[in-house]
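*Asks:* Below, each chain spelled out in residue letters.
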Amino acid sequence: MPTIELDLKDLEKLARKKIPHTRPALDDLVMLVKGEVDALQGSALRLDLKDTNRPDLLSAEGIARELRARLGTEKGIPAYKTIKGKNEITIEKTVEKARPFIACGIARNIKITEPVLTQFIQLQEKIGTTFGRRRKETGIGLYDWDKMTPPLKYLGVKPAAVKFAPLSFETPMTLKEILEKHPKGMEFAHLVQDKEYYPLLVDAAGEVCSFPPIINSNHTGKVTSDTKNIFVEVTGHQWKTVNTALNVMLMALADRGAGIETLTVHFPRTPAYPKKSMVTPTFETETIELDLDFVRTWSGLHWTPKHVLALLEKSRMKGTLHGNKVHVTYPAYRQDVLHAVDVIEDLLISSGFNEIPLHYPALSVAGKENAHHQIERMVRDACTGMGMQEIMTFTLTSREKQETHMNMEPQHLVEIANPKSMNHHVLRARLIPEMLAFLAQNKNAAYPQRVFEIGRTIELNAAYENGVREHKKVCLALTKDACNYTEIKTHFETLAKLLQWNVHYHAHDTPYFIPGRSVELRAGNCEGVMGEIHPRILEKFGLEKPVVLVEMEVGE
Amino acid sequence: MPETTLSDIEKSLLRHVYTQRTEQLLETAAHESKMNVDSVRRASAWLEEKDLISVREERKTKWHLTLLGKSELEKGGLIELRLLRALQPLKGAGTLADVSKALAADASESNAALGIAKRNAWITLSKKENQVLLQETGLGENALKGVYAPQQALERVARQEDLSSSEEGTANDLSKRGLIEKIETTQRFLSITTTGFKAAEQLTNSNQKEINVLDAQTLKTRAWKNTPFKKYNLADPVPTLFAGKRQPYIQFLEHIHQYLLVKGFKEMKDPLVTTEFYNFDVLFQPQNHPARQWTDTYQLKEPATGKLPGRKIVQAIKNAHETGGKAPSKGWGYKWNEGIAQRLMPVAHGTAHSARTLTEGIEIPGKYFTIARVYRPDVLDATHLIEFNQLDGFIAGKDLSFRDLLGTLKEFAVEIAHAEKIKFLPDYYPFTEPSVQLNALHPELGWIELGGAGMFRPEIMENLGINAQAIAWGLGIDRLAMFKLGINDIRYLFAEDLNWLRAQPLGV
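Keeping their order, the protein sequence lines are chains Y and A.
Per our numbering, residue 1 is the first one in the first sequence, and the count goes up by one each step.
Per our numbering, residue 1 is the first one in the second sequence, and the count goes up by one each step.
No lab work stands behind these hints: they were computed from the structure.
The C-beta atom is built at its ideal place from N, Cα and C for all residues, glycine as well.
Certain hints may be false.
The calculated lysine-lysine pairs, modelled on DSS-like cross-linking and capped at a C-alpha distance of 25 Å, are [unchecked claim]:
no.	chain 1	residue 1	chain 2	residue 2
1	Y	184	A	307
2	Y	472	A	50
3	A	245	Y	472
4	Y	325	A	330
5	Y	111	A	263
6	Y	222	Y	153
7	Y	275	Y	136
8	Y	184	A	118
9	A	335	Y	443
10	Y	147	A	128
11	Y	158	Y	111
12	A	263	Y	401
13	A	335	Y	228
14	Y	275	A	330
15	A	335	Y	275
16	A	230	Y	480
17	A	421	Y	545
18	A	263	Y	368
19	Y	176	A	263
20	A	50	Y	401
21	Y	184	A	127
22	Y	368	A	410
23	Y	489	A	101
24	Y	176	Y	158
Here chain A is said to cover these stretches of chain Y; the calculated rule only asks that three of the stretch's residues, wherever they fall, bring their Cβ under 8 Å from a Cβ of chain A [said to hold, decoys possible]:
no.	stretch
25	68-76
26	305-316
27	358-367
28	521-534
In silico contact screen, one side only, chain Y against chain A (beta carbon under 7 Å); selected entries [said to hold, decoys possible]:
no.	residue
29	133
30	466
31	472
32	485
33	503
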């Protein structure tokens with residue numbers, strides 16, 4: 001979920017409407033853009049944006065654009081004009097495999113202050129991170145146009161063929177060195193590393209402008225509050241995505257008073273490219289058809305066609321009525337519109353979620369639980385009836401607890417590939433180690449201690465779906481100054497009798513019990529072990545009193 | 001009988017412990033019974049061996065200031081606060097070099113301070129001309145006014161005050177930073193056992209002319225005819241009995257489970273491990289979606305991949321992603337990779353089970369639920385669990401609309417969370433449209449976020465061949481459980497504190 005920072009006074013100016021500076025009024029307002037207040041200090045707002053497919057909402061300008069329609073100062077599709085420019089950029093065939101597309105535009109005569117610049121840089125960063133999937137799909141570059149010499153060239157070069165000084169560095173480096181040494185180079189190296197040719201943007205004077213999408217050059221790629229004309233480029237793998245990002249960035253610049261000038265992008269003549277050339281940006285629109293019956297089915301609301309058209313305009317779209325259908329036109333940056341339901345959601349937001357009359361579905365169907373609950377309840381009743389306290393431990397644990405401490409050879413454990421901590425990197429295959437760890441935590445609680453846990457375990461088993469087998473198990477444990485097999489067997493037999501288990505006992509040594517003092521249990525398909533924990537194991541867990549226990553399967 | 005086998009000090013101590021209503025600190029018992037502490041220690045060990053009294057040991061920990069902690073306080077408080085203060089004369093913005101200088105700290109110290117300030121969102125960092133630039137966010141203001149928990153805890157430790165259990169996390173952090181340390185002492189508490197109780201009664205009554213215990217012998221000899229019964233002393237203490245009880249969180253979950261059964265919901269299968277196919281792909285979550293990143297969910301190393309269902313279903317899901325498939329949708333327009341869908345992971349959300357249920361076939365109309373164990377990578381602390389339970393479910397039916405979803409959510413809010421008011425907020429999930437967040441005004445917790453919901457997208461339903469709508473939700477029930485159990489530390493849902501478990505009343 002992206003988080004952005006903005007200033008409410010600035011937002012107020014852009015939205016041309018009074019904006020509440022206090023909660024909960026502000027909460028109600030930002031929910032119109034699927035925003036959630038993360039922190040508010042005076043007029044400084046940190047906002048979580050829940051929709052990852054709306055790059056246009058990642059800045060104050062974009063949020064204001066949406067609010068102007070929802071609050072009624074404007075309506076319909078936002079209007080942006082372009083100035084036809086003469087500048088050109090050529091894509092060379094060498095970049096096709098690495099990162100084929102570039103789209104660009106120039107924002108002319110912009111007067112920006114430091115806080116506005118911060119918004120632009122934030123928007124550029126956030127689009128790259130969220131919509132651009134950490135720059136994999138798209139990455140945006142901003143440049144001082146007055147330092148560039150057109151026409152420009154976007155091409156692929158060998159990793160060590162070209163040297164330039166990347167942003168914040170004075171000394172020139174090869175592209176390979178940038179990936180090895182520059183912080184941004186290291187962060188994004190994986191995007192180009194395996195390519196034969198790396199993408200490069202150069203101008204007519206032979207000056208390197210950037211190594212997209214990694215880093216700009218220190219010379220042209222620095223935008224400050226003194227910059228008058230900003231060149232914007234977006235590179236990526238899909239023409240559509242690249243243009244969406246470009247439009248969003250340029251609209252924000254236009255909202256701050258810039259004139260948007262187009263460039264012509266010349267494509268190489270290979271099948272990967274749609275045409276010979278295209279002019280960017282184009283603030284295009286797209287269309288989708290909305291069936292009014294479907295709107296009724298999905299929303300449950302009986303809006304008149306006229307009302308649907310009005311709600312569309314509040315949602316920055318436009319509709320024309322054709323019988324029972326509405327032809328909807330929407331700005332192309334709304335790449336999240338995949339299906340008519342995506343438009344319906346906008347209608348509902350414009351209409352106000354909390355204004356909708358509720359309806360309660362009346363279906364007569366019977367409830368049913370999974371089979372294991374019944375047996376689980378019986379085991380629980382039996383154990384609490386014997387006066388034992390139930391506990392619940394985590395299923396995520398460590399190999400150390402499950403195997404090393406238990407004197408068990410490594411086997412059967414389901415392991416996490418990306419654990420955050422080595423205390424929680426496997427799923428438990430047995431309850432006993434977790435029980436011992438629990439008892440070790442409670443050496444200051446009154447003895448005797450009699451506790452039980454009913455829980456799930458999981459282990460590798462190729463014969464089962466996904467190669468893992470789950471069990472429901474119960475573990476009963478007793479500990480005090482002196483406790484013996486008779487006592488745990490008394491408890492277990494009571495349980496077995498109540499559950500009508502027919503238990504077979506046979507002597508069997510298990511590595512964590514004292515040799516000669518443990519048994520294997522079998523009742524139907526369920527297996528278990530019972531015995532007296534070996535003093536060496538007690539020491540490993542830091543236990544100071546003997547422990548007798550039983551662990552038994554009660555189902556799958 | 002006891003009096004013949006007990007020494008004098010044992011007898012004295014047994015009599016004394018017998019007269020106490022509650023357990024008593026060994027040293028207090030010695031003082032009150034006017035016995036020598038060493039004798040009491042010896043006698044208590046012997047009596048414990050005979051099971052006449054029980055001795056409970058309690059390890060008490062007390063936090064002490066380390067030399068480092070002391071010097072930190074002398075310098076004017078925790079380094080992250082000093083960092084904030086150092087930024088003040090610089091109007092809230094400065095380079096790392098300026099700040100390090102003002103702090104008079106070495107690189108590793110100032111880096112640590114930077115890390116903490118960043119984590120607290122007091123500052124943001126940016127790079128400018130090879131310099132690290134610190135910008136204050138305004139959130140540190142309260143901390144400077146003296147409401148910063150770690151600083152308060154440090155000061156309280158310096159004043160030798162006890163920390164409350166809610167400060168434990170903070171204290172552990174401070175201890176990790178080497179500012180405070182734990183010192184443990186053992187205290188012994190004496191109390192009477194059931195056998196000790198009887199022995200003491202006989203001890204005190206052996207020479208008396210009253211019947212204390214009416215036993216079979218007394219009935220046989222009819223001695224009760226001539227001897228009066230001793231009257232109850234209402235103040236006499238009795239031994240503690242720990243009742244066998246269910247784990248409180250399980251009891252809470254069981255309650256919700258029963259509620260849903262009564263409401264006509266069928267329980268879904270809920271394995272702990274799933275393929276990404278059910279966790280993400282069936283749910284129309286594109287494979288390059290940010291939430292599918294390595295850091296947001298766990299993945300399995302062993303086993304690494306699992307089995308997908310039949311070809312037809314796999315193809316249908318592939319089509320849904322690439323072109324929208326049978327639904328009139330654009331789809332996500334990328335090349336769907338079967339290998340990614342096969343990867344195994346511990347279930348990250350209960351909706352994975354809904355996806356599986358939808359895929360395997362549902363009844364229409366039908367109501368389904370799961371109280372699923374789900375896993376999220378995080379660091380376990382007082383506010384974060386890495387595994388927890390989620391209530392998920394859906395209702396499928398031909399005439400269901402967004403209005404039915406909102407009505408159903410309100411019913412849950414009122415009946416499960418006892419909400420006084422509710423609020424719906426637009427939300428985003430890749431698998432539902434519209435998506436909505438449910439907030440509830442709880443009588444004591446105030447406004448809480450209860451869960452997320454929506455209508456399953458047509459791309460999911462149509463490509464699985466289901467000709468109906470489904471309204472779906474996932475409710476976070478742990479927050480409610482914490483309230484019901486009266487706990488502030490979320491780890492107590494899986495409490496590893498036996499004293500606490502034993503002390504919990506019934507009726508959650």
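*Asks:* If a hint holds in the structure, say so; if it does not, say that too.
*Replies:* Results for each hint:
1. Distance restraint check for residue 184 of chain Y and residue 307 of chain A: the Cα-Cα separation of roughly 39 Å exceeds the 25 Å cut-off, and the hinted pair is therefore not satisfied.
2. With a C-alpha separation of about 40 Å, the suggested pairing of residue 472 of chain Y with residue 50 of chain A is violated against the 25 Å cut-off.
3. A threshold of 25 Å between alpha carbons decides the hint, and for residue 245 of chain A with residue 472 of chain Y the separation of about 20 Å falls inside it, so the pair holds.
4. Distance hint between residue 325 of chain Y and residue 330 of chain A is fulfilled; the C-alpha atoms sit about 19 Å from each other, no more than 25 Å.
5. For the suggested pair residue 111 of chain Y and residue 263 of chain A, the alpha carbons sit about 62 Å apart, so the restraint of at most 25 Å is broken.
6. Distance restraint check for residue 222 of chain Y and residue 153 of chain Y: the Cα-Cα separation of roughly 19 Å lies within the 25 Å cut-off, and the hinted pair is therefore satisfied.
7. Between residue 275 of chain Y and residue 136 of chain Y the alpha-carbon distance is near 24 Å, which keeps this suggested pair within the 25 Å criterion.
8. Note on residue 184 of chain Y and residue 118 of chain A: the hinted pairing holds, with a Cα-Cα distance of about 20 Å set against a maximum of 25 Å.
9. At most 25 Å may separate the alpha-carbon atoms for a hinted pair to count; residue 335 of chain A and residue 443 of chain Y exceed this at roughly 57 Å.
10. Between residue 147 of chain Y and residue 128 of chain A the CA atoms are separated by roughly 20 Å; this keeps the pair inside 25 Å, and the hint holds.
11. As the CA atoms of residue 158 of chain Y and residue 111 of chain Y are separated by approximately 39 Å, the hinted pair breaks the 25 Å bound.
12. For the hint pairing residue 263 of chain A with residue 401 of chain Y, the CA-to-CA distance comes to about 41 Å; that exceeds 25 Å, so the pair is violated.
13. For the given pair, residue 335 of chain A sits about 42 Å from residue 228 of chain Y by alpha-carbon distance, which is inconsistent with the 25 Å threshold.
14. Simply put, residue 275 of chain Y and residue 330 of chain A have alpha-carbon atoms about 22 Å apart, close enough for the 25 Å limit, and the pair holds.
15. With a C-alpha separation of about 23 Å, the suggested pair residue 335 of chain A and residue 275 of chain Y falls inside the 25 Å cut-off, and the hint holds.
16. At roughly 35 Å between alpha-carbon atoms, residue 230 of chain A and residue 480 of chain Y are farther apart than 25 Å, so this suggested pair is violated.
17. Between residue 421 of chain A and residue 545 of chain Y, the direct Cα distance comes to roughly 53 Å. Violation of the 25 Å bound is thereby established for this hinted pair.
18. Taken as a hint, the residue 263 of chain A and residue 368 of chain Y pair is honoured in the structure, with Cα atoms around 10 Å apart against an allowance of 25 Å.
19. For the proposed pair residue 176 of chain Y and residue 263 of chain A, the alpha carbon gap of about 63 Å is over 25 Å, so the pair is violated.
20. Between residue 50 of chain A and residue 401 of chain Y the alpha-carbon distance is near 36 Å, which puts this suggested pair outside the 25 Å criterion.
21. At most 25 Å may separate the alpha-carbon atoms for a hinted pair to count; residue 184 of chain Y and residue 127 of chain A meet this at roughly 11 Å.
22. The straight-line distance between the Cα atoms of residue 368 of chain Y and residue 410 of chain A is roughly 23 Å, inside the 25 Å bound, and the hint therefore holds.
23. About 69 Å separates the Cα atoms of residue 489 of chain Y and residue 101 of chain A, which puts this hinted pair outside 25 Å; it is violated.
24. Between the alpha carbons of residue 176 of chain Y and residue 158 of chain Y the distance comes to roughly 9 Å, so the proposed pair stays at or under 25 Å and holds.
25. Coverage of the stretch 68-76 of chain Y by chain A is violated in this model, with 0 residues showing a Cβ closer than 8 Å to a Cβ of that chain against a need of three.
26. With 0 residues bearing a CB less than 8 Å from a CB of chain A, the stretch 305-316 of chain Y misses the requirement of three and the coverage assertion fails.
27. Three residues within the 8 Å Cβ limit are the bar, and the stretch 358-367 of chain Y against chain A gives 9, so the coverage statement holds.
28. With 0 residues bearing a CB less than 8 Å from a CB of chain A, the stretch 521-534 of chain Y misses the requirement of three and the coverage assertion fails.
29. For residue 133 of chain Y, the shortest C-beta to C-beta distance to chain A is roughly 5 Å, which falls under 7 Å, so the interface hint holds.
30. For the restraint placing residue 466 of chain Y at the interface with chain A, the shortest Cβ-Cβ distance is roughly 3 Å, inside the 7 Å limit, so the hint holds.
31. Given the 7 Å rule on beta carbons, the hint for residue 472 of chain Y is violated: about 11 Å separates it from the nearest Cβ of chain A.
32. The closest approach between the C-beta of residue 485 of chain Y and any C-beta of chain A is roughly 20 Å, which is over the 7 Å cut-off, so the hint fails.
33. Of the supplied interface hints, the one on residue 503 of chain Y is violated, with its beta-carbon coming no nearer than about 22 Å to a beta-carbon of chain A, more than 7 Å.
Hints 1, 2, 5, 9, 11, 12, 13, 16, 17, 19, 20, 23, 25, 26, 28, 31, 32 and 33 from the earlier list are contradicted by this structure; the remaining hints agree with it.
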